[in-house]
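The listed protein sequences derive, respectively, from chains A and B.
Taken in order, the first sequence gives residues 1 to 735; the numbers are from the numbering used here.
Taken in order, the second sequence gives residues 1001 to 1154; the numbers are from the numbering used here.
Bear in mind the hints are in silico, worked out from the structure with no lab data behind them.
Treat the hints with care, since some could be wrong.
As the list claims (entries may be wrong) - Restricting the straight-line Cα-Cα distance to at most 30 Å, the calculated cross-link-like pairs of lysine-lysine (DSS-like) are:
#, chain 1, residue 1, chain 2, residue 2
1, A, 303, B, 1141
2, B, 1142, A, 586
3, A, 484, A, 573
4, A, 586, B, 1006
5, A, 573, B, 1006
This structure is a prediction, so every number in the text was calculated from the model and none was measured.
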Amino acid sequence: MASQKKKLTRRKFLLGTGAVVGGGLVLGYAALPNQTKDIAAKYKGNGQVLSGWIKITADNKITVIVPHAEMGQGAHTALPMMAAEELDADWDLVSMEEAPGMPEFANQPLAEGFIVGDKLPNILAPLINKAFYSITQAMDLQITGGSTSVRFTGQYGMRVAGAAAREMLMKAAAKEWDVPLGDLSTEKSHVYHRASGRSATYGSLADAAAEFDPNPTPTLKAKADHTLVGTRTVKRLDVPSKVDGSARYGIDAEVDGMLYAAIARVPVHGGMITSLDDAAALAMPGVKKVCNLGYAHAVVADKYWRAKKALDAVDIEFDGNGNEGLNTDAIFARFARDLETSELEYDIDEGDFSTASGRLVEAEYAVPYLAHACMEPMNCTAWVRDGVCDVWTGTQAPLMARTAAATAAGLEPEQVTVHNHMLGGGFGRRIHAENDYVAPAVEIAKMAGAPVKTIWSREEDMRFDEYRPAVVSRFAAKLDDSGKPTAWQNRFSDKREPVEAPLIPYAVENQSIGYVKSQSHLKLGPWRSVDHSQHAFFTESFIDELAHAAGADPLQYRLSLLTDAPRHAHVLKTAANAAGWYTGVKDGRAMGLAVHESFGSIVAHVVEVSVGGNGMVQVHKVTCAVDCGEAINPDNIESQIESAVIYGMTAACYGEITIENGQVVEGNFPDYEMVRLAEVPGIDVHIIESGAPLGGLGEPGLPPIAPAITNALYVLSGQRVRKLPIKNYEFAATA
Amino acid sequence: MEFSLKVNGETRVVDVEPDTPLLWVLRDELGFKGVKFGCGVAACGACTVHMDGTATRTCVYPVEAAAGSDITTIEGLAVDGVLTDVQQAWIEEQVPQCGYCQSGMIMAVSALLAETPNPTDEDINAAITNVCRCGSYPRIKKAIQTVISERGAA
Ligand code: FES
Ligand code: FES
């Protein structure tokens, strides 16, 4: 990409929205002595908290305190691995605990990563970390999302914390044995003085080590010296509990004297209850209370099934706030109208489209609203009493949950304790963009005057999600005589994050990428890979259309335009070679490809498709190449890419939330279909370690899958899918 | 109303409405939290247990119909703390991600392999219709093959 482009960065974005950075650039981790002591003081229990997130007890056990939730992405293993690697810990003695929702555990590295991007210079003062400390507190970070856990917390937090702790342990041994620090070595949770044959466990040195201040810039191990990171020897710590039924999710929380609540929102989004008749419900067995929350009603009972049945017995009337007449077509028509009439804001506006010469190619694409459909429906247990509030739930952002609970309970955040649980799926749903499950549960519990577990039915979960936004995106390009684009123009309806999602890696001289503000009455939130999930479909479809318009091979065409993006080119070639792009496919099948960068990783997919006798699109094979800089846990990388491919396939093939009369139509899996085992393609993952800064993995596998499939379908059928999902198109059988 | 249920080898008495889905009885009355709620309409399989050895979705199964059956939940699979080969294969292949669907998956697969020791791909596709939102399916397939080949070798 040409360097003078007006390219937005996350930094600009965040600063633009009001965060203040105390004077510029930063060093990675805040191994600030004060902060460590704050944590040590608050983190109760025996043992020494050495550097931020590492606790060592006298029995030589090491606990790594992880400030991220586990939602299947493997953070609860990858982060301890990174700390243990630098610490030279004995992995068999390492365990993890999730940090409680307290500001001291806010992910400073995450905030830093957001603000300065990936290139953290190693020099500037730890004092700036203090600035970040307050920013993260203010911003309610401690978020698990944005593919950040390993990238920022791991890279700039865990590694530094591990190395700093190791230094402190060695200093303690050097002092005790009165030997030079340089003569000491470490291995498997022991410090050794080889010359004298002395050794000591980390556990026995922990108290003495805590007397030293952690070094915020310790020397990190060279990659060649890694024994855990990058290997396949480490099994995930959370897996055993997930095969015997013992893993505990938010929905499994138990509190003495707990009641259950079922909840129903006003069916029209944005509507409010105008009257509520609870007489019949209150007469039903076990019912304790009927709550009118305005935007919803809930029934509290001694058993969940009783609450759920009584919910239907409550008679409500509501006002739809003018949204009663809305349907999907009207919403898309609004997007189209706003694209014509509203003022554009630009991500990039370079050159002049109208004067660029060449043949005009145009296309319009659209994607629907999508629900997250986490396997575990939303739920939250709360108990408000005597100026305190406890919340048991699964959240990607405990501090945000804490703030939300405090507001709902009428308390200060310090009076709220969030007990975070495993997440039965997150995907952005449990990040509280609209704060729509913790707050209602706290309100209900407060009204009931008892601990209450509120469980959303699948229908409530799906009909009142914080949806992935629907977007319309229009493109125009000019192609010169050789078929190369001389100008690229993109206009789309509304924008969220990350700001760079619509940008292209291709060298096109005149680029204008802009958007209008255009929304509906639905609540929106981050959805796995956020705006990348829409824009990769748009841009990788359109570049494919240009290739075909130019009569070029889609792979060669892209490569010829990736002159400024060698990593993209390499990823694309790797996937294409592994897939046998030029060796051809069986009769009745076709291949398509796409490449996209998100969260610091570049992923290319090559897919092979056919259409079965029943007209169903079949994806036979997906060959993936991913450049994530460095592979921390290769097995887990593969599993995250497989996961993102399948999540993205579900969206591409089936995913669609539609609106009628202001209400969401789809309510459960029968009408919001999922890819199941029978449809799962072979997925072959190739990891490229380019040495670039560590990229994310939970999300980057998703964006390129939809366009890879639709690009293949075009080759197969001549039909271009410009509006997802694919299920709305008819294809003739090919195989 | 009182019902007597035999779960994981033990007989337990519960006092609930007869139409209460077995799912909520197992979870909230008897404490078998490994049985999961996913959809409530028999469309996802998260709530799967064995009823007399048959994989059964309990979210639509009224408790009154369960009396007299031999019920096994995920908690009752392991014998004397030793995981079954299916569970072990799940660890070996590192199948679970968020893990929420996996109790149901493991129950469904265990029942399939008990009934059909050498299932074809079609058998597997037809029997295992559980939803895994995390997309752990490729590893589920691998783990099933691991079990089949190890049983064959045994
Ligand atoms: S919860 Fe029973 S099948 Fe989904
Ligand atoms: S592992 Fe998350 S739903 Fe299957």
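| field | Satisfaction of hint between residue 1141(B) and residue 303(A), Cα-Cα up to 30 Å | value | violated, 37 Å
| Does the structure keep residue 484(A) and residue 573(A) at a Cα separation of 30 Å or less? | holds, 20 Å
| Hint consistency between residue 1142(B) and residue 586(A) [alpha-carbon to alpha-carbon, up to 30 Å] | holds, 25 Å
| task | Decide if the proposed pair is consistent with the structure: residue 573(A) and residue 1006(B), CA atoms, cutoff 30 Å inclusive. | result | Status violated; Cα separation ~59 Å.
| message | Next pair to validate is residue 586(A) with residue 1006(B); report whether the Cα-Cα distance is within 30 Å. | response | The given pair, whose Cα atoms are some 53 Å apart, is violated under the 30 Å limit.
Violated hints for the displayed structure, listed by number in ascending order: 1, 4 and 5.
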